[in-house]
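Chemist: Construct all of the structure, not just a fragment, from the sequences and the given hints.
Going line by line, the protein sequences match chains A and B. No gaps in the numbering here: position 108 of the first sequence is 108 in this note's numbering, and each next residue is one more. In short: position in the second sequence from 1, add 371, done, that's this note's numbering.
Incorrect hints may have been included.
[Stated by the list, open to error] With a straight-line cut-off of 20 Å between C-alpha atoms, the simulated SDA-like cross-links for lysine to any residue are:
(1) A:Lys184 to A:Ala14
(2) A:Lys3 to B:Lys557
(3) B:Lys557 to B:Ser726
(4) A:Lys34 to B:Ala395
(5) A:Lys34 to B:Lys557
(6) A:Lys34 to A:Gln214
(7) B:Lys557 to B:Ala415
(8) B:Lys557 to A:Gln28
(9) B:Lys557 to A:Phe220
(10) A:Lys3 to B:Ala395
(11) A:Lys34 to B:Phe377
(12) A:Lys184 to A:Gln8
[Said to hold, decoys possible] Beyond 12 Å from chain A on every Cβ pair, some chain B residues (computed):
(13) His521
(14) Asp539
(15) Ala561
(16) Arg623
(17) Arg653
Just so you know, the hints here were simulated from the structure itself, not pulled from any lab data. In this text the structure is predicted, and so the values were computed from the model without any measurement. For every residue, glycine included, the Cβ atom is placed at its ideal position computed from N, Cα and C.
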Amino acid sequence: MIKYQDFQRRYPNAQTQILEILAARVQQGDFILKQQVQDFEQALAAKVGARHAVCVSSATSGLTLSLIASGIGPGDEVITPAFCYVSAASSIVQAGATPIFVDVAPHSGVLEAEAVVRALTPRTRAVLVAHLFSGLADIDALREALPEDVLILEDSATAFGARLRGRHAGTLGDIGVYSFFAAKPLGGIGDGGAVITDDDQVAGALRMLRNHGQDGRRRFYHQRLGYNSRMDETNAAWLQARLRENDLHLARKQAIAKAYDEAIEASDGVLLGQHRGTPDFSPHAYVVRSAERERLARHLTARGIQTRVHFPVPLPEQPAFVQWSAGPAHYPNARLLGKQCLALPLCSGMSDGQVSRVIEALKEFSHAEVI
Amino acid sequence: MSVPFFQITEGFTRALPLLEEGLAEFHRQSGWVNDQQVRAFEQAIATYTGAPHAIATGNATDSLIICLMALGIGPGDEVIVPCYSFFASVSCILQVGATPVFVDIEPGSYAIDCSLIEACITRRTRAIMPVHLFRQMAEMDALMDIACRHGLKVVEDSAEGIGMRWNDRHAGLIGDLGVLSFFPTKTLGALGDAGMVLTRDADLARRVRQILDNGRDASGLAQCLGYNSRMDDLQALWLRARLPELDQEIERRAALRDAYDLHLGPLGEYLQVPVTLPRAARQRCVDYVYLIEAQNRDGLVEHLAARGVGVEAYYPLPLHLQPVCAGPTHAEGRFPVAERAATRALGLPLYADLSASDVASVCQAITEFYAAAGAQS
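Modeler: Structure (structure tokens):
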């Protein structure tokens, strides 16, 4: 069985590593938002070349707090992709703002500047632009097309390690958000996220918002309506170690993705890959498109290969967000991708043999299709 | 001498065999958030508390927000809450857009003074949120009677309440919904943030499960607005490894309280040791915090800090005086019991691994402080 995500293969020494981290935390007596988190924030900011990294309990929470820290709330519109994880919509509603859904480009799955500009109104305060699977949205083009006062919130939950024209995903817009959910490119041992910004004021606001509105000096004195959105020391200690070895894992995953690319190219259009928008990509998920997705999934399952379907229902068509939908006719690409996308196993611990088995199975499928 | 406010080195060593077993399972499982270890811990807490539904969350602050959302409480609604508590007791109400209506506490239990509740009920009141602090639960018979007569929901902020019982029913299971916190220093503490929601109502339980997972149902479709507030499997497996010792540790805490009482008794002129208010109900108290009320509290804190004794002022500023809650109806002087407690309350070190000699040295340091004060006056 080739698992979609295989933590045992990805982290063969996890048990010993986790036990050591826990023992050290217990010895130290520090568990939440202390030195380990601070050290990780510094290492992370240095790695991506940003002024501030502020760790939070999850990327979803990071998105919400970023909007609030930027003063975005009731009456404000935030443009967001129709094809994405649920937090691209829920974080906006949680901040009290109005989500404006925009369809994505079919070849990349991400927002493009032209479509975003068409959705601008005088109330638009921000664009939540999400990188997806293995691809990057062109933030530079978006910046050029947008009025200066429209904030770009770069949802880089899945894009840690990717670069666009040399600069790290997460640092391309005004505020970036990473997810450290275990399956992510930089994976934690639990939920976690970070907000990346060069803005001192936003960073200061985020540090208060994540810890009940306290300023970090005077305990039990609450100056803002804050949340509990803190990172655990155990997770920060684990993430420091993962950050140090991230380049190695990234290179392995890129190699696997490129091997898959060959199988897609050989399929004569039966399978479509994702347009990644950069050669310096960070493959979080390797997603192929097939007009016969269900048959492809069955074909792979029968060969012991686990797959996953992302976002089968466009966000504006989910019950929680339907009140903000502009109508089904506005999101044809989101619906198409929701029907066609299938994610293949991709993890740095996969053996060459496992990668070959996936490629063989893909070739078998597209070959049968040609006949 | 150094006595930290909290430590868990010995508890860690005792839990090690179960912890290692859990870690081995965890490593084989490919879900590290809100997954199999979390399900097993929910089951264990359901068994311990007798809760028909125990639902793990990221932390107890989120648990409270989620409870209010599950009840559909929002803008225009009022929630009655004691003004003496951790910030989360009021921030959860503000987070859902509702209005907090503060009530003073009873001296001794630090819980909501039920005799003051009915005067605060208006047409907009939707719920009462009692908080069980430190050691003893709120007077739940009186409170449930008021809620019942006025058709109000009850959300128990039982974040500190694990092990506490009212007529044999566990804290959090008397009202419509209750919460548990597993903040590291709690009676059952995680090694990071973790929380839970308890309820007897299957429909509320289903809504809570959706809200904590971004509003998604089992198929992944967002049915309602939610948060991301899931428990990490790592915290769940640690908590499960600690749970078998909980009742023993609660007994140990009670013994430590007796030791404190004995040492501090002679200082009655300067400080008040914890009391237990008599209730008609059968109550099981749990010594989560050993809270004294002390003359010149801030001077005592400084004196103890200089001697390496960790203490916490629970809570130095009542909720109605927090900057976030500022408003004309929240002026100083409105809630005298809470305001007096805020200047005097002090939590001393109390945890299962604390030794009798640690207690003796803490009390020695306190005795010295007041002896010096007595000599000066």
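Chemist: Now look at each hint and say whether the structure bears it out.
Modeler: Against the structure, the hints:
{"no.": "1", "hint": "A:Lys184 to A:Ala14", "in the structure": "holds (16 Å)"}
{"no.": "2", "hint": "A:Lys3 to B:Lys557", "in the structure": "violated (38 Å)"}
{"no.": "3", "hint": "B:Lys557 to B:Ser726", "in the structure": "holds (18 Å)"}
{"no.": "4", "hint": "A:Lys34 to B:Ala395", "in the structure": "violated (28 Å)"}
{"no.": "5", "hint": "A:Lys34 to B:Lys557", "in the structure": "holds (18 Å)"}
{"no.": "6", "hint": "A:Lys34 to A:Gln214", "in the structure": "holds (14 Å)"}
{"no.": "7", "hint": "B:Lys557 to B:Ala415", "in the structure": "holds (17 Å)"}
{"no.": "8", "hint": "B:Lys557 to A:Gln28", "in the structure": "holds (17 Å)"}
{"no.": "9", "hint": "B:Lys557 to A:Phe220", "in the structure": "holds (17 Å)"}
{"no.": "10", "hint": "A:Lys3 to B:Ala395", "in the structure": "holds (18 Å)"}
{"no.": "11", "hint": "A:Lys34 to B:Phe377", "in the structure": "holds (15 Å)"}
{"no.": "12", "hint": "A:Lys184 to A:Gln8", "in the structure": "holds (15 Å)"}
{"no.": "13", "hint": "His521", "in the structure": "holds (28 Å)"}
{"no.": "14", "hint": "Asp539", "in the structure": "holds (31 Å)"}
{"no.": "15", "hint": "Ala561", "in the structure": "violated (8 Å)"}
{"no.": "16", "hint": "Arg623", "in the structure": "holds (18 Å)"}
{"no.": "17", "hint": "Arg653", "in the structure": "holds (33 Å)"}
Figure legend: structure checked against the earlier numbered hints; hints not met, in rising order: 2, 4, 15.
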